[in-house]
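Novice: Chain order of the listed sequences is A and B.
If you count the first sequence from 1, position 40 lands on 40 in our numbering, and the numbers rise without skipping.
If you count the second sequence from 1, position 109 lands on 109 in our numbering, and the numbers rise without skipping.
Honestly, the hints are just simulated from the structure, not real lab data.
Accuracy of the hints is not assured; some may be wrong.
[Said to hold, decoys possible] In silico lysine to aspartate or glutamate, EDC-like type, Cα no more than 20 Å apart, as pairs:
(1) A:48 to B:120
(2) B:77 to A:59
(3) A:48 to B:129
(4) B:2 to A:59
(5) A:48 to B:97
(6) A:14 to B:110
(7) A:41 to A:8
(8) A:14 to B:76
(9) A:48 to B:92
(10) A:31 to B:95
(11) A:41 to B:120
(12) B:52 to A:90
(13) A:41 to A:60
(14) A:48 to B:95
(15) A:14 to B:120
(16) B:2 to A:90
[Unchecked claim] Some residues of chain B that are not near chain A, with every Cβ distance over 10 Å (derived):
(17) 19
(18) 145
(19) 153
Ideal placement from N, C-alpha and C gives every residue a C-beta, glycine not left out.
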Amino acid sequence: MQQAVSRDVVVGLKQGLHARPADMLAREARKWQSRIELVSKSQRVDGKSILEVLTLAAEEGTRLVVEVAGPDATEALAAIVRLFDSNFHENDETAVDTAGRITTP
Amino acid sequence: MKFSDFVASGAIRSHVDSSTKEGVIREMATALVEAGRIPASDLESIVKAILKREDLGTTGIGRGVAVPHTKHPSVDKLVGTVAVSQEGIDFDSLDGDPVHLFFLLVSPPDQPGQHLRALENISRQLRDDAFCRELKAAKAPADIQHLLEAADNHGMVS
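Can you build the whole structure from these sequences, using the hints too?
Specialist: And the structure:
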C-alpha cells in the first residue's frame with residue numbers, strides 16, 4: 001500500500017546539517033523502501049544521498065519539509081523526524097579550543 | 001561559494017605520495033603550510049583534529065571522494081585544498097570504494113556557515129560525473145586548478 005506523508009522539521013544543529021548528520025540522515029533513509037525527500041525553500045533533494053543532502057547547506061534554524069512516499073512511509077518519516085528531534089546526537093562533536101587543544105564536550 | 005573562495009591554489013596536489021588515510025591528510029595539511037595558508041606551528045594540532053573527526057565517522061562520502069575537515073582557531077577564514085590519488089586510498093568510505101579525490105577543509109570555529117557552503121559547493125559539483133572523472137585524470141596541479149575554475153564559471157553556485 002502506498003502512503004504519502006510529510007512533516008516540517010527545523011535544523012537544530014549549531015553547525016547546521018554538515019557532513020556527519022547528512023551521513024546519518026542518508027544512512028537512515030536508505031533503510032526504508034519509501035522515497036524520502038527533503039524540501040527547502042529553493043530545492044528538493046533525495047534524502048538517501050549524502051551528496052544531495054549536503055547541497056541544502058542547511059544552517060541552524062533552517063525549516064525543511066520531509067516528504068515520504070511508499071509502502072513504509074509512516075515509519076520512515078518517524079525515523080527521520082526522530083533524527084532531527086534528537087539533534088543527530090550532536091553532543092560528541094569534536095572541537096578545538098582557542099589554545100588549539102582538541103576538546104570533546 | 002566557489003572553489004576559488006577557499007581552495008589555496010599553491011597547495012593543490014595531483015599525485016599524493018601517501019597510501020594511507022593519515023598520510024594523505026598530513027600531506028594535504030603540509031601543502032597548506034607550504035602555501036602559507038596555515039602556520040607550521042599548528043600543523044600537528046590540525047592533523048590531529050582532522051583524524052579525530054574521521055574517528056567519529058568517515059568523511060569518505062562515496063563516489064571516490066572524501067572531505068576531511070576540522071574547525072581550528074588558527075584560521076580566520078575557511079581554507080582548503082584539493083588532492084588526487086591515482087591509486088586510490090582506503091578511507092573506510094560509506095560505499096567501501098577507495099578514495100581518489102580529496103577536499104581538505106579547515107574552518108574557523110565560530111563560522112559554521114562557511115563550512116556548510118563549501119560542502120554545498122563540493123557536493124553540488126561532484127554530482128557531475130564528468131567533473132569527477134576529469135579531476136581524477138588530472139596530470140598536474142594546474143589541470144586541477146583549471147577544472148575548478150571551469151566549475152566556478154559554470155555559474156551553478158553563487
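Novice: Which earlier hints turn out false for this structure, listed by number in ascending order?
Specialist: Result: hint 16 breaks, nothing else.
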